[in-house]
Amino acid sequence: MFTLGVDIGSTTSKCAVLEDGASLTVTSIAVGGMGTRGPQEALDAVLAQAGLTLNDIASVVATGYGRARCPWTELQASELTCHALGAHMVFPGVRTVIDIGGQDAKVIALNGQGRMKSFLMNDKCAAGTGRFLDVMASVLQIPVEELGRRALRSEHPSAVSSTCTVFAESEVISQLANGVDLDDLAAGICASVAARTAALAKRLGVVPPLCMSGGVARNAGVRAALESALGAPVLTSELAQLLGAVGAALYAYRKQH
Amino acid sequence: MNTQEILNRFETVARDPAGQKDKYLAAGKKVVLMAPVYCPEEIVHAMGLVPMGAWGGDMELRDAKQYFPAFICSIVQSIVELGMRGAYEGASAIVIPSLCDSLKVLGQNWKYAVPSIPFIPMTWPQNRKPDYALDFTLAGLRRVIRDLEAATGATFDESKLAASIRVYNEHNAAMRDLVPALAAHPEITAAQRSAVFKSAWFMLKEEHTALVRELLSGLAAASPAAAKCPVTVTGILADAPGLTALLDEYGFQIVADDVAAESRQYRTDTPEDGEPLTRLARKFQAMDCCSVLYDPDKKRVEHIVALAKNSGSRAVIMAQTKFCDPEEFDYPLIRRACEDAGLPLIQIEVDRQMVNYEQARTMLETLREAL
Amino acid sequence: MAEEIKKHRPPPDPNSAKYKLGQIAAKAYSDAQAAKDRGEPVGWCASNFPVEIPETLGLAVVYPENQAAGIAARGGGARLCEEAEGDGYSNDICAYARISLAYAKLKSAPEQDVPMPDFVLCCNNICNCMIKWYENLARELNIPMIMIDIPFNPDYEVSDEQLAYVRAQFWDAIHQLEKLTGKKWSDEKYKEVMEYSGRTSRAWLAATATARYTPSPFNGFDLLNHMAVMVTARGKKEAAEAMETLLKEYEDNHEKGVSTFRAEEKYRIMFEGIACWPWLRVTSTGLKSRGINMVTTIYADAFGFIYKDFDDMCRAYCKVPNAINLEFSRDKRVKLCKDNHVEGLLVHTNRSCKLWSGFMYEMSRQIGEACDIPVASFDGDQADPRNFSEAQYDTRVQGLMEIMEANKEVG
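Protein chains in written order, with the numbering used here: chain C, 2 to 258; chain A, 75 to 445; chain H, 40 to 450.
Watch out, some of these pointers could steer you wrong.
[Claimed, not checked] Here are the simulated PhoX-like pairs of lysine-lysine, each with C-alpha atoms no more than 25 Å apart in a straight line:
id	chain 1	residue 1	chain 2	residue 2
1	H	K146	A	K372
2	A	K203	H	K358
3	A	K185	H	K146
These are calculated hints, taken from the structure and not from any lab test.
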């Protein structure tokens, strides 16, 4: 039996197909989130790869901020539950999931059986999210993917401490104007996101092993800064960005049983 | 010491409160932290303990976020941050008054965030003027005494309090003399002025008075530099190096202040007559013109205008601590009163976490151009 | 199915508690206006100022907090907040205060008008922000301010010294008002007010305690509306009768197996904080659509003002929420959660209320542990609609529900 998970985020859409709630068949990812063609493109891609049509799918579950407006299903689960399920599948035994997405950051505590015990999310401010990194990368005029690489090269990370994106932006601009090294600025930006998320994690209580999901997990600079702020290794995977979709597919399977 | 050496000494102390704390601890003294805005320091002093101000520090908040939502002021948050990071280790207790909502919250969170340093609440009456408020003030003071005795093992003796009151009144007088003396010497920078006030929180008052008196005689003998643009500063805190540097850069000189951590502390002396503890309570009853003290006539507003006028200030600068609602409520009234008095006023938002003062720079630059 | 019932709801029954309570709340405004029209002095009064004082003196008062909530619920929050911000009030200031200060200047708002005051009655047992707000009202309107200071109590018990201080202020306030308005304090009238207040409070406590039944005979959002009467009209005969009707209705609902929660009650939560008035329907629907009934809030406990004499009354005012320490606050909530079989805690991190939100992280952690229930929080505001995000609320409520669901599955 095939189940499909659709994660419609703020900037990207992700799909995952699972067979019998266990083996991960295929995944896809498309640029463009809620209200764009992104969800359709992700769906087309995942079905094409799997050689399936929607009719072959026993159940579809949507998650992410666009979950309520997913055209292919009325079943939905919050991204909290989906990230928890996805993380537990990809990292068996994981107890703390840190997810930094485009618009929000969350920390989820799992019990030993992979069940979500509690969660915390960031306050309304965008600082500390993927969106913050996008804004900062454009201030530095480098692709956002480069932020993490540059951060790792830095020996003297700069301090970026403003509580809000707007102020942090002007802070970075003035440092840039003062000739601060680009690598050091990148490291400062990554550390700033990590510090915010680490505070959230500490509020909830950090129980290892930890893993990271969401698009920002691919940013090695943020990950390294997070490890040092939390004093524990943070696992990640190629599938990091897809854990929500994987979890939704798993949720769909479990609801059938 | 010459004037420059004295100023350097103030700056060293202001920059290194931890060093001061360690020095007192090494000398076998016990240190008790005093949270904003008003604490009965004289009692702590009289018990042979060293009261040290704990107004937080300019830093990035990290651990304190486990306890506070983002909209609680950074003074309160950075006090907990420093506590959690161990900066106050060695202190025997912290006295926290409940003069504003954020301070109430500070006391409650402190118990769990920094369990190694006991929390001693000081409950002042807001309706402090009527006679019946005296007994309640006394009860609050006695409770602090009891808690201090339990936390430190020191004992309280009312006759020693009389001596400490004298030390504090003398310090008040020295700090009040300081303001016009500094105003007469434009060569003293805003950063140096700030250090003189800030260091008072980290030294025994008798030591600080002596140093201030030495500075005053040095200044009396020195010839003043060319005049700068005189201003009055108001707010809770105005000690951020980023801010004082800008004041200096644009040629402003603070000639008077209504800053909570500075002159507001020194306006009111403890009266002379009566039993020492009762006198201390009467001092609180007599205090006024402050954003965290009930002020139905809004005397603080007129006080600021008078202060600015009497000191020859050409403008008022309000250093607005972000999320400090007692100050935020006063601002519209201060703004109007200054306008009526023909005094330019600017409100600069400050925050313990701030590293970028570009907005402040623009405002100060514009003010300087306008004057 | 449950939704159907709502659509065919009959017109309000004048004998229902809801109707009676609504009338009392509305009458408070019209009575004050009538008094003003007769040329009598009218006051603006803080919500937890001892209502017994104006009630016994026969003084008409209105409640700016109540008015601000009404304005916010009817969509005027942003307009009035922005008005105050235009006058220099920071948008970090409590939105009730901003709305009220804007109203003091504009003197009219279609959402909820009140007569302009001749004096203000302030009590800071709910926050010190109240003092600042009322100082400014008194100053701007050039009217006297009567202030009762009830300090935040760091201890569990009310000390004799605090009692003496508060009692002296109560009498001071009474004497100031007598002088100001020419009205006279009467011990007999006070006794009557005290008795009604006791009756109203007992009925309220008993009515809110029917949440112990599963399903609960009421939707907790009812309490957010009815508490206005508890706060402002407790000492009136009509209030006692209306609350007794409410109790009877809830007991009847239980007998009949029905509820004012018009959906299947799958989950039971406690709601922490002031309602998000500008988003009341969104916040309520977000719960109801998932079968989540908010069965209790601290209001259930807080407004049971039962006292035997004047001193006891003073003590009661020292124990309102926000005047008590973390441990006492926590224990009251833990009891409510346990008594009412609560399965989850939803916390409103209220941008307007520093005191209520300021130690909530730690307190809700402790409640969650003590009751072994999940805790979720969302960002919002009691009256400024700009400080709330529907998507954020929805995700967090769903997350909370999914944990409660999983907890049930495990058993």
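Run through the hints listed earlier and report the numbers of any the structure violates, in increasing order. Of the numbered hints given earlier, the structure breaks just one, which is hint 3.
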